[in-house]
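Chemist: Sequence:
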Amino acid sequence: MGTEGVSVEYLSIGANRQTAGADWNSRGLLAFGADSNVAVWQPADKPLKGVHSLLSGHKAAVKAVAFLPEVHGDESSYLLSASDDKTLILWKSPADRVDFRSLCTAVDIHQGAVNCIAVQRCGTAQRWVIATGAADATIRIWTLEDDALSLRQTIDTTPKFFPLCLSLYPLDASNESFVLAAAGTRDTVQILTGQVTSAEAQFTVQATLSGHEGWIRALSFTKESAEPDSDILLASASQDKYIRIWRVRRGTQVPSTAAADPTDGAFLPGKSPSNKAHKLKCAGNAYTVSFEALLLGHEDWVYSAQWHIHENGKLQLLSTSADNSLAIWESDPASGIWVSMARLGEISREKGATTATGSTGGFWTGLWSADGKSVACLGRTGSWRRWQYDASIDTWQPCVAISGHTKAVTGLSWSKAGDYLLSTSSDQTTRLHAKWKAGGDTWHEMSRPQIHGYDLNCIDSLSNAQFVSGADEKLMRVFSQPKAVAGLLGQLSGITQAGVQDMPDAANMPVLGLSNKAIDMVDDDQEIQPIDDRDRDAVDPASIVRKSHLEIDHPPFEETLSRHTLWPETEKLYGHGYEISCLAASHDGKLVASACKASSVNHAVIRLFETDRWTEVKPPLTAHSLTAARVRFSPSDEHLLSVGRDRQFAVFKKSSEGGYQLLHANAKAHSRMILDAAWAPSQTPMFATAGRDKQVKIWRLQEAEDGKTSFAQVTAVPCPSSVTSVDFLGRMIGDKCLLAIGTETGRLGIYVLAADGSTFSEIPLDAGLSLPKSILQLAWRPVSDDVVAKHELAVAGDDSSLRLYAFDSSYLDKDIGP
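Position one of the sequence shown corresponds to residue 1 (UniProt numbering), numbered consecutively onward.
None of these hints come from the bench; they were simulated from the model. Quantities reported herein were computed from a predicted structural model and do not represent experimental measurements. Every residue gets a Cβ at the ideal spot worked out from N, C-alpha and C, and that includes glycine. It cannot be assumed that every hint is accurate.
[Claimed, not checked] In silico lysine to any residue, SDA-like type, Cα no more than 25 Å apart, as pairs:
1) K618 / D637
2) K59 / D136
3) K92 / D136
[Stated by the list, open to error] DEER-style ranges, computed between Cβ atoms:
4) A125 / R27: 35 to 45 Å
5) K46 / Q202: 41 to 51 Å
6) G490 / S671: 47 to 57 Å
7) G440 / E299: 17 to 27 Å
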């Protein structure tokens with residue numbers, strides 16, 4: 001993805017919380033639904049680059065993702081994705097590259113959101129059979145041949161339920177007879193069988209398996225062994241906290257080893273244990289399905305279950321649960337009893353009392369790598385966790401994985417020196433991203449300074465170790481970097497901070513609070529008192545920061561990020577009457593300007609706060625009649641610019657007393673609301689305004705003959721859709737300015753402007769750099785050196801993605817056209 005001279009440095013995005021929304025293929029690629037995108041990641045990549053690419057094509061959240069099974073010699077890899085938008089997209093990539101392109105899109109394949117996909121290779125040729133289940137209570141059978149999808153059958157579920165999981169498996173060596181298991185919003189599993197030929201595919205319901213007492217979230221078939229006539233095992237995972245294993249055997253003979261169902265009435269007095277066998281037929285052959293085992297051990301809903309046969313023939317089952325654990329089960333060779341061989345994740349006593357910093361809310365998806373030596377799972381926070389098996393010590397070791405926002409990224413701010421990037425989101429978190437020097441200069445989330453109870457709207461850096469953020473509450477909060485995070489950034493990213501000795505050790509969040517409190521780090525052997533739920537300032541024992549937590553040589557794992565990298569809150573700034581809409585810090589860090597949502601002149605004011613004593617500079621600045629959408633200080637802090645929904649901009653000039661006074665306002669700057677603005681780095685003050693009227697206008701300071709100062713329009717850049725974000729590179733390139741423009745449709749444009757703003761030209765960009773939804777903010781990385789090889793642009797998307805693009809300086813140094 002990208003153009004020559006443009007590279008994708010970093011893609012950060014959280015995964016959708018869907019059991020069927022991820023798959024890991026034999027080539028080591030893990031694909032998962034991320035908002036309306038499909039993210040492709042190589043977990044074992046060296047260096048650990050994170051998300052490799054984002055595939056855009058769906059219009060709503062992606063719920064199901066599946067790779068098509070591959071065999072040695074295949075020239076292409078295929079990926080299927082299905083979404084709430086009722087579409088199924090087939091993606092194709094050359095087998096020797098990771099370059100998936102949309103091959104075909106099946107629209108309105110169901111009358112409801114598509115929840116799950118099952119796929120198997122069919123016959124010996126390049127043909128696959130695909131099953132999809134949706135919220136219209138139907139299952140559809142498809143075949144894929146010659147890169148074309150064909151609908152073969154529509155099955156109405158009876159009795160009606162919404163399928164949440166499907167599993168498909170061949171019944172014989174011909175790969176033309178299949179068994180299909182379907183389950184979802186009932187407590188039963190339906191078993192269907194069918195033959196799939198190039199001409200037709202017909203599945204019929206053969207049996208209904210009962211025993212579960214809750215919705216069923218996952219199904220997985222496997223052969224018990226590599227023997228040709230081996231039995232087939234089915235695992236079903238349910239919200240009743242149990243996993244059931246069922247045996248499918250050829251013939252009508254019920255296996256003598258079959259266990260009696262412990263929940264069956266067989267254990268009542270006077271009854272002998274029995275195991276009912278269900279009879280199946282397919283292609284003239286008879287089969288039986290019987291209950292095999294009940295797996296007990298999870299303490300909450302079980303979300304996923306997936307089989308894996310290892311090279312030595314050992315069969316293991318991976319399960320994930322809302323109890324924050326991931327279990328690996330295998331059958332004891334002597335007794336045949338299924339036991340949990342490994343338990344990963346979190347121990348119950350460490351769950352904590354709040355979902356903010358304590359419990360991660362469970363694991364939604366568990367996946368095996370192709371070699372069975374690694375497992376990955378997805379948590380409530382949209383972040384992945386990964387473990388690698390170390391045979392030398394017979395232990396599963398945690399590995400660096402990926403994380404990202406799970407809702408729209410609403411704000412961006414580089415630190416003053418440009419060392420790291422802060423992002424805020426509607427998912428109520430602020431995240432810090434920086435480079436891991438020892439990891440090949442790759443970007444990772446290094447800290448999660450703020451976990452909040454309100455959606456976050458805006459952020460700006462006050463210094464290299466302090467920032468201010470605004471949310472859907474009436475106040476702003478100021479956070480200061482703790483010693484623990486400063487040490488971590490120094491060790492991993494080479495970022496040095498002044499005044500580390502004066503910083504608090506760390507921070508945590510009281511159980512019933514919104515504010516992060518400064519705390520001291522504790523030694524590893526120090527005892528922690530049990531929690532008292534009645535105490536408002538009670539500390540969640542899971543959020544205590546021990547010194548070993550951050551003495552690490554790799555980017556923090558998710559549990560460390562969400563608990564031990566918080567920043568203490570040092571100030572609250574009050575004054576606004578409604579939700580904070582925008583804020584900006586002056587370049588010298590001495591002032592904060594802010595505005596709130598407003599429908600009247602009284603509330604549409606801009607308030608200034610000085611950062612020495614954290615008091616408001618009065619009176620507030622008045623100019624707007626509706627919400628101010630953006631405030632920006634000029635590079636010298638001489639001017640303050642505000643733009644708003646009332647279609648006007650206002651420029652305030654610094655006064656001798658340290659405040660600001662209205663210099664110029666243009667009540668009809670655009671014909672529709674103005675959504676963003678940015679100052680150019682030129683000698684004469686110049687700025688850009690971005691409007692819903694599909695224009696970016698450039699305004700320049702002009703002195704009139706009567707001595708009055710005003711800003712006059714020098715040019716207008718037409719855009720194909722409403723413009724939602726603009727940002728100027730903070731320095732001139734030769735005698736030219738560089739302007740990035742983002743639109744409501746997700747299009748990214750880079751423009752070169754003459755120093756006086758009178759002429760401009762667009763630099764061509766690959767369409768793959770655009771987003772599927774609105775670009776909400778753009779931020780060029782600050783540059784201190786006079787000569788740099790590349791300039792980096794951070795892009796915040798409504799699709800919950802944070803993207804970092806690097807542009808070669810030579811590529812940006814273009815001549816301006818007429």
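Chemist: Each hint needs a verdict: does it hold in this structure or not?
Modeler: A quick look at each hint next to the structure:
1. K618 / D637: Holds, because 18 Å separates the two Cα atoms, which is no more than 25 Å.
2. K59 / D136: Since the Cα atoms of K59 and D136 sit roughly 19 Å apart, the hinted pair holds (cutoff 25 Å).
3. K92 / D136: Violated, at about 28 Å.
4. A125 / R27: 35 to 45 Å: violated, 21 Å
5. K46 / Q202: 41 to 51 Å: This hint holds: roughly 47 Å between Cβ atoms.
6. G490 / S671: 47 to 57 Å: holds, 51 Å
7. G440 / E299: 17 to 27 Å: violated, 40 Å
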